[in-house]
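*Asks:* Chains as they are written, first to last, in the working numbering: chain A, 47 to 235; chain B, 4 to 200; chain C, 105 to 352; chain D, 105 to 352.
Simulated from the structure, these hints should not be mistaken for laboratory data. Please read these numbers as outputs of a predicted model, since none were measured by experiment. Each hint should be verified, as a subset may be incorrect.
Here are some of the chain A residues that sit facing chain B, going by a computed Cβ distance under 7 Å [unchecked claim]:
| no. | residue |
| --- | --- |
| 1 | A109 |
| 2 | L112 |
| 3 | G223 |
Listed next, the in silico DSS-like pairs over lysine-lysine satisfying Cα-Cα at most 30 Å (straight line) [as the list claims (entries may be wrong)]:
| no. | chain 1 | residue 1 | chain 2 | residue 2 |
| --- | --- | --- | --- | --- |
| 4 | B | K157 | D | K294 |
| 5 | B | K157 | B | K169 |
| 6 | A | K97 | C | K187 |
| 7 | B | K59 | B | K23 |
| 8 | D | K187 | B | K169 |
| 9 | D | K294 | D | K187 |
| 10 | B | K157 | B | K66 |
| 11 | B | K59 | A | K97 |
| 12 | D | K294 | B | K66 |
| 13 | B | K134 | B | K23 |
| 14 | C | K294 | B | K134 |
| 15 | B | K169 | B | K66 |
| 16 | B | K134 | B | K59 |
| 17 | C | K187 | C | K294 |
| 18 | B | K66 | B | K134 |
| 19 | B | K23 | B | K169 |
| 20 | B | K66 | B | K23 |
Just so it is clear, CB atoms sit at the ideal spot from N, CA and C, and this is done for glycine as well.
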Amino acid sequence: MNSSRSLALISLFAALLAVFGLIPKIDLPLGVPITLQTLGVMLAGCLLGPKRALQALLLFLVAVALGLPLLSGGRGGLGVFMAPSAGYLIGWPLGALVTGWVMTTLPSATPRSAAISAFVASLAGGLLVVHVAGVVGLVNIANLSWTQATFGTLVFVPGDLLKCAVCAIVVHTVARGLPDWNFGGRALK
Amino acid sequence: MGSLYSEHRTWLHGVPAAIKLLLFALLGTAQYATHNITLLAVGATASVLLFVSLGKAIWTARKLVASVILASLLILLFHLFMQQAALGWLSTLRLLSASLLGIALTLTTRTAELLDVLERLLSPLQRLGLKTERLALQLAMMLRFTEHFFVVWKRLDDAHRLRTGKAGGISLLAPLTIHMLTSARRVADTLEMRMGE
Amino acid sequence: MPPVASQPAFGSALLQIRGVTLQRGANTVFSGLTLELSEPRIGLIGDNGAGKSSLFRLLCGLDVPQTGSVTVRGLEAHSVSRKRPGLVGMMFQNPDEQIIFPTVAEELALGLSPSGMPRREAIAQARLFLASRNLAHWADSAIGALSHGQRQHVCWLALMIASPELLLLDEPFASLDQPGQALLGMDIAKARQQVIVSTHLLEHVRPFERVIWLERGQVRADGPGDQVCAAYQADVAARIASQALSYH
Amino acid sequence: MPPVASQPAFGSALLQIRGVTLQRGANTVFSGLTLELSEPRIGLIGDNGAGKSSLFRLLCGLDVPQTGSVTVRGLEAHSVSRKRPGLVGMMFQNPDEQIIFPTVAEELALGLSPSGMPRREAIAQARLFLASRNLAHWADSAIGALSHGQRQHVCWLALMIASPELLLLDEPFASLDQPGQALLGMDIAKARQQVIVSTHLLEHVRPFERVIWLERGQVRADGPGDQVCAAYQADVAARIASQALSYH
Ligand SMILES: Nc1ncnc2c1ncn2[C@@H]1O[C@H](COP(=O)(O)OP(=O)(O)OP(=O)(O)O)[C@@H](O)[C@H]1O
Ligand SMILES: Nc1ncnc2c1ncn2[C@@H]1O[C@H](COP(=O)(O)OP(=O)(O)OP(=O)(O)O)[C@@H](O)[C@H]1O
Ligand SMILES: O=C(O)CCCC[C@@H]1SC[C@@H]2NC(=O)N[C@@H]21
Ligand SMILES: [Mg+2]
Ligand SMILES: [Mg+2]
Numbered sequence: 047m048n049s050s051r052s053l054a055l056i057s058l059f060a061a062l063l064a065v066f067g068l069i070p071k072i073d074l075p076l077g078v079p080i081t082l083q084t085l086g087v088m089l090a091g092c093l094l095g096p097k098r099a100l101q102a103l104l105l106f107l108v109a110v111a112l113g114l115p116l117l118s119g120g121r122g123g124l125g126v127f128m129a130p131s132a133g134y135l136i137g138w139p140l141g142a143l144v145t146g147w148v149m150t151t152l153p154s155a156t157p158r159s160a161a162i163s164a165f166v167a168s169l170a171g172g173l174l175v176v177h178v179a180g181v182v183g184l185v186n187i188a189n190l191s192w193t194q195a196t197f198g199t200l201v202f203v204p205g206d207l208l209k210c211a212v213c214a215i216v217v218h219t220v221a222r223g224l225p226d227w228n229f230g231g232r233a234l235k
Numbered sequence: 004m005g006s007l008y009s010e011h012r013t014w015l016h017g018v019p020a021a022i023k024l025l026l027f028a029l030l031g032t033a034q035y036a037t038h039n040i041t042l043l044a045v046g047a048t049a050s051v052l053l054f055v056s057l058g059k060a061i062w063t064a065r066k067l068v069a070s071v072i073l074a075s076l077l078i079l080l081f082h083l084f085m086q087q088a089a090l091g092w093l094s095t096l097r098l099l100s101a102s103l104l105g106i107a108l109t110l111t112t113r114t115a116e117l118l119d120v121l122e123r124l125l126s127p128l129q130r131l132g133l134k135t136e137r138l139a140l141q142l143a144m145m146l147r148f149t150e151h152f153f154v155v156w157k158r159l160d161d162a163h164r165l166r167t168g169k170a171g172g173i174s175l176l177a178p179l180t181i182h183m184l185t186s187a188r189r190v191a192d193t194l195e196m197r198m199g200e
Numbered sequence: 105m106p107p108v109a110s111q112p113a114f115g116s117a118l119l120q121i122r123g124v125t126l127q128r129g130a131n132t133v134f135s136g137l138t139l140e141l142s143e144p145r146i147g148l149i150g151d152n153g154a155g156k157s158s159l160f161r162l163l164c165g166l167d168v169p170q171t172g173s174v175t176v177r178g179l180e181a182h183s184v185s186r187k188r189p190g191l192v193g194m195m196f197q198n199p200d201e202q203i204i205f206p207t208v209a210e211e212l213a214l215g216l217s218p219s220g221m222p223r224r225e226a227i228a229q230a231r232l233f234l235a236s237r238n239l240a241h242w243a244d245s246a247i248g249a250l251s252h253g254q255r256q257h258v259c260w261l262a263l264m265i266a267s268p269e270l271l272l273l274d275e276p277f278a279s280l281d282q283p284g285q286a287l288l289g290m291d292i293a294k295a296r297q298q299v300i301v302s303t304h305l306l307e308h309v310r311p312f313e314r315v316i317w318l319e320r321g322q323v324r325a326d327g328p329g330d331q332v333c334a335a336y337q338a339d340v341a342a343r344i345a346s347q348a349l350s351y352h
Numbered sequence: 105m106p107p108v109a110s111q112p113a114f115g116s117a118l119l120q121i122r123g124v125t126l127q128r129g130a131n132t133v134f135s136g137l138t139l140e141l142s143e144p145r146i147g148l149i150g151d152n153g154a155g156k157s158s159l160f161r162l163l164c165g166l167d168v169p170q171t172g173s174v175t176v177r178g179l180e181a182h183s184v185s186r187k188r189p190g191l192v193g194m195m196f197q198n199p200d201e202q203i204i205f206p207t208v209a210e211e212l213a214l215g216l217s218p219s220g221m222p223r224r225e226a227i228a229q230a231r232l233f234l235a236s237r238n239l240a241h242w243a244d245s246a247i248g249a250l251s252h253g254q255r256q257h258v259c260w261l262a263l264m265i266a267s268p269e270l271l272l273l274d275e276p277f278a279s280l281d282q283p284g285q286a287l288l289g290m291d292i293a294k295a296r297q298q299v300i301v302s303t304h305l306l307e308h309v310r311p312f313e314r315v316i317w318l319e320r321g322q323v324r325a326d327g328p329g330d331q332v333c334a335a336y337q338a339d340v341a342a343r344i345a346s347q348a349l350s351y352h
C-alpha cells in the first residue's frame with residue numbers, strides 16, 4: 047500500500063514542514079505562534095492528494111513526537127501535544143487530508159483552474175479544518191470559552207488567507223513547469 | 004540527492020548515532036519545557052562551541068549557517084521592535100541551538116547509522132502492527148530531503164548569481180518548488196527500481 | 105532498413121513491447137511501437153528526444169503505456185513490483201538523483217538490501233567490492249565531494265553489486281573519462297546478464313549483435329551494430345552537411 | 105611537456121590564476137596552480153576528478169581560493185558577477201543545476217536581465233532568438249518535458265543569448281546527439297568571444313590552438329591541441345592496456 051514512490055513524496059513534504067520550521071515564528075500572547083508550517087499543510091494537500099498528504103503530516107508529527115526540534119522555533123517532544131496549540135497540531139493532518147480531498151474533486155486541467163482549486167481547497171482544509179480543530183483544542187486545553195477561542199483564532203485568519211494565496215501561486219507555477227503533475231494525486235505517476 | 008555529509012572526519016563522526024540523536028531529541032524537548040533565558044543561553048553557547056569544534060567539516064554548510072544566523076537576528080530585531088525583548092531572546096536562542104545541532108548531526112552522521120538507530124528505537128511499535136522499518140526509512144528520507152532542500156537552494160542561488168549578478172532571493176521560490184518536486188520524482192523512480200513495490 | 109538479427113539467446117524473449125502508445129504530458133512519444141528484445145546485448149541510438157530514455161522507463165515499468173503491453177519474462181513490466189530489484193536494474197541518465205545515501209559504501213549497500221541482507225553486512229560487502237576494484241578509498245567518500253564523472257561511476261558500481269537479471273543503461277558513458285569508458289565497456293562485455301545500452305558514442309555499441317535506431321518514437325533501423333551505426337552516421341553526416349550550408 | 109603556445113589574442117591576459125590553492129571540503133583540489141589564459145579558444149581535458157569543473161568554478165567566482173588570486177580582466181573573479189554580470193558565463197556540467205525557470209522562453213530571458221531589459225521584452229526577444237534557430241516550438245515547452253540532451257541544448261542557448269564576453273563550457277557535448285554536437289562546434293568556432301571548453305570528446309578540442317591537460321589538480325601538459333590530445337591519448341591507451349591485463 048505504501049509504495050516506494052509514495053515514500054519519496056511523503057518524505058519530501060514532511061521535510062518541507064521541517065524547513066518551514068526554520069523560518070522564524072511570531073509569538074502571540076495566546077500561546078499559539080504564527081508559523082509558516084500551515085503553508086506546508088496546504089501544499090501537501092494540493093500537491094500530494096488526500097492519502098499521501100495525511101501520511102506526510104503524520105510522519106512529520108511522529109518526528110516531532112520523537113523529540114526532534116522541528117516545530118517552528120526549534121521545539122519538539124511529547125509536551126507540544128499538551129500545549130494550548132495542540133488542537134492545531136492535531137488539525138494539521140486532518141486539514142491536509144481535507145485539502146487533498148477537495149483538490150481531487152475540483153478541476154485542475156489548466157494552470158489557472160488548478161490555482162483557483164488550490165485556493166478553495168486550502169481554504170477548506172488548511173484554514174477551516176485546522177482552525178476548528180484549534181478552537182476545540184483551545185477550549186479543552188487552555189480552558190478558554192468558545193467565544194474567546196473563536197475570537198482568538200481570528201487573529202490568524204488574515205495570515206492564513208495569505209498562505210492560501212501563496213499556495214495557489216505555487217500550484218500555478220507547478221502546473222506550468224510540470225504539466226504532467228497530478229494534483230490531488232489521482233494517478234500514481 | 005545532494006548531501007552535506009562531510010568526509011573530513013571529526014570527533015563527532017565517532018560518536019554513536021544513537022547518542023547524537025538522543026541529544027538532539029532531548030534538546031528539542033528541553034527547549035520546549037523551559038522559558039529560562041539563562042538556561043537557553045547556556046544551551047546555545049554549548050551548541051555553538053560544539054559546532055565550531057567540528058573545524059573544517061562545517062565548510063559544506065557555511066551558507067546554511069549564515070542564513071540561520073541571519074534568520075535568528077531577524078526574529079530578535081522583530082521582537083525588540085515590538086518591545087518583547089525577552090520573547091525575542093527566547094526564540095532566537097532556541098532556533099540557533101536547534102539548527103546548529105541539527106546541522107552538526109547532518110554533517111557527521113551517515114544515513115545508514117541513523118537508520119539502524121531509528122529501526123531499533125521504533126521496533127517496540129511492531130507489536131502494534133506497524134511496519135517500523137518502513138517508518139524508519141521514511142524518517143531518514145525526511146531528513147535527507149531537508150538537507151536536499153538546502154543543497155538545491157544553494158545551487159539555484161549560485162546559478163542565479165552567476166547569470167544575473169544578483170542573489171536570487173524570493174524569485175527562487177517557484178523554481179525551488181519545481182526542482183524539489185522533480186527531485187522527489189526521480190528519487191521515487193530510483194527507490195522503486197532498487198527497492199521494489 | 106537492415107534486417108532484424110534475432111537470436112533469442114535466453115530461450116524465450118525476455119522483453120516484449122506490443123503495440124505500445126505512450127503519452128508523456130502533452131507529447132505522444134510512441135504510437136504503436138512493437139519490439140521484441142531478447143539478444144544479450146542491445147544498443148539504442150538516435151537523436152536527442154528520439155525516445156531512448158522513455159523506452160527504458162517503459163521497460164522497467166516506471167511508465168505505463170496508454171495502450172499495448174510491455175512484458176518482462178511474461179510479467180507486466182509495471183506490476184513486477186516486489187520482484188523488480190532482482191529482475192530489472194536501471195542506470196538513469198543523470199547520476200544526481202539516483203544516489204540516495206551520502207557515502208559511497210552505504211549507497212552500494214542499498215543494492216543488497218532487497219536480498220534481505222542485514223545492513224551492516226551489506227556495507228561490509230560493499231567495502232569488499234570496492235576494494236576488489238581498487239577503489240577502497242571511495243568507501244567513506246561523501247557523494248557530494250565526488251566529481252560528476254565519479255558519481256556516474258558510482259551509479260554503475262551500485263548496479264553491478266545489486267546484479268539484477270536485466271541491465272538498462274541510459275547514456276552510461278556520457279560523463280566518464282576515457283579509461284572509465286574502457287573499463288565500463290569491459291564490464292559490460294563480461295556481464296552474464298542481458299544488457300541494453302543507449303548512447304551517443306557509437307563506438308561502444310558498434311560491436312553489438314543488435315542495435316536499434318530510434319527516430320521520433322519510431323524504429324528507423326534495427327539490426328547488427330556495425331550496419332545500423334553506419335546507417336545512422338551516414339544520415340547524420342548528410343544532415344550536418346545541409347546544416348552547415350544553411351548556417352550563416 | 106609540449107611548449108606553451110602563447111598568443112595573447114585580446115591584448116592583455118583575460119584570465120590570470122596565480123599561486124592558487126583550492127580546498128573543497130576535505131580535498132585539496134589545487135595547490136600552487138598558476139595559469140594565464142588569453143587564447144581565444146582553450147580546451148581542458150583530463151580524467152574524472154582532475155579538477156576541470158573546479159577550475160571553472162574558480163574562474164567564474166563561485167569558489168574562492170584559500171590562497172592566491174584569480175582575476176578576470178584585472179577584477180577579482182569572485183566579485184565579477186556582482187560588478188560586471190555580463191562578463192563571464194558558464195554552462196554547467198549538469199543541465200539541471202543551471203536551469204532555473206520552468207519554461208524555455210523564461211529561462212533564456214533570464215540571461216538578458218543583467219542588461220536591464222524589461223522582462224516582457226526579454227521574453228519576446230528570447231522567442232525571436234529561438235525562432236531564428238528553428239526552435240520556435242520550444243518557447244513554451246516546460247523544461248521538465250524535454251529530454252536530457254534537449255535540456256543541455258537549452259543551457260547553451262541561454263548562454264548564447266546572454267552573450268557574455270567569456271564563455272566557460274563544462275562538458276557541453278556530453279549529452280548532445282551528433283548533429284547537436286556538430287552545431288555546437290560550429291557555434292563555438294564562430295563565437296567572437298573567448299571560449300574555454302572542458303570535454304572528454306577530444307575531437308572537439310583537437311583543432312584548438314591551446315589545450316590544457318589537468319591531472320590531479322596539476323597541469324600535466326599545455327600546448328597546441330593536437331599535441332596535447334595525442335599525449336593524453338597515448339597515456340590513456342597505456343593505462344587501458346595495463347587495466348585490461350589486470351582485469352579478470
Ligand atoms: N563539493 C566538493 N567538495 C569536496 N571535494 C570536491 C567537491 N567537488 C569536487 N571535489 C573533488 O575535487 C576534485 C576535482 O573535482 P572536479 O569536479 O573539478 O573534477 P572534474 O575534472 O570536473 O571531473 P569530471 O570529469 O568527472 O567532471 C575531485 O577529486 C573531487 O573529489
Ligand atoms: N516528462 C516528460 N513529459 C513530457 N514529455 C516528455 C517528458 N520527458 C520526455 N518527453 C518528451 O519525450 C520525447 C522523448 O524523450 P526522451 O527523454 O525519451 O529522449 P531521449 O531519446 O532519451 O533523448 P536524449 O538523447 O536527449 O536523452 C521528447 O520529445 C521529449 O520532449
Ligand atoms: O507550533 C506549534 O506548536 C503549533 C502552531 C499552530 C499554529 C496555528 S496553525 C493555524 C494558525 N495559523 C498560524 O499561523 N498559526 C496558527
Ligand atoms: Mg535520454
Ligand atoms: Mg567536471
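*Asks:* Each hint should be assessed against the structure and marked as holding or not.
*Replies:* The hints, checked one at a time:
1. Taking 7 Å as the C-beta contact cut-off toward chain B, the hint placing A109(A) at the interface holds, the least distance being around 6 Å.
2. Residue-level restraint check for L112(A) holds (minimum Cβ-Cβ distance to chain B is 6 Å; threshold 7 Å).
3. Checking G223(A) against chain B: minimum C-beta separation of about 4 Å stays under 7 Å; hint holds.
4. Taking the CA atoms of K157(B) and K294(D), the gap is about 34 Å. The hint is violated against a cut of 30 Å.
5. A C-alpha spacing of about 13 Å is found between K157(B) and K169(B), which places the hinted pair at or below 30 Å, so the restraint holds.
6. Using a Cα cut-off of 30 Å, the hinted pair K97(A) and K187(C) holds, with the two alpha carbons roughly 25 Å apart.
7. With a CA separation close to 19 Å, the supplied pair K59(B) and K23(B) stays within the 30 Å bound.
8. Restraint check for K187(D) and K169(B): the C-alpha separation of about 10 Å stays at or below 30 Å, so the hint holds.
9. Only pairs whose Cα atoms come within 30 Å are accepted, and K294(D) paired with K187(D) is accepted, the gap being roughly 27 Å.
10. Note on K157(B) and K66(B): the hinted pairing holds, with a Cα-Cα distance of about 8 Å set against a maximum of 30 Å.
11. Among the hinted pairs, K59(B) with K97(A) is inconsistent with the structure: their alpha-carbon atoms are about 43 Å apart, more than 30 Å.
12. As the CA atoms of K294(D) and K66(B) are separated by approximately 39 Å, the hinted pair breaks the 30 Å bound.
13. About 24 Å separates the Cα atoms of K134(B) and K23(B), which keeps this hinted pair within 30 Å; it holds.
14. Distance hint between K294(C) and K134(B) is unfulfilled; the C-alpha atoms sit about 40 Å from each other, more than 30 Å.
15. A distance of roughly 16 Å separates the Cα atoms of K169(B) and K66(B); the hinted pair therefore holds under the 30 Å criterion.
16. Restraint check: the Cα-Cα separation between K134(B) and K59(B) comes to about 39 Å, which exceeds 30 Å; the hinted pair is violated.
17. Between the alpha carbons of K187(C) and K294(C) the distance comes to roughly 24 Å, so the proposed pair stays at or under 30 Å and holds.
18. The straight-line distance between the Cα atoms of K66(B) and K134(B) is roughly 37 Å, outside the 30 Å bound, and the hint therefore fails.
19. About 38 Å separates the Cα atoms of K23(B) and K169(B), which puts this hinted pair outside 30 Å; it is violated.
20. Restraint check: the Cα-Cα separation between K66(B) and K23(B) comes to about 23 Å, which is no more than 30 Å; the hinted pair holds.
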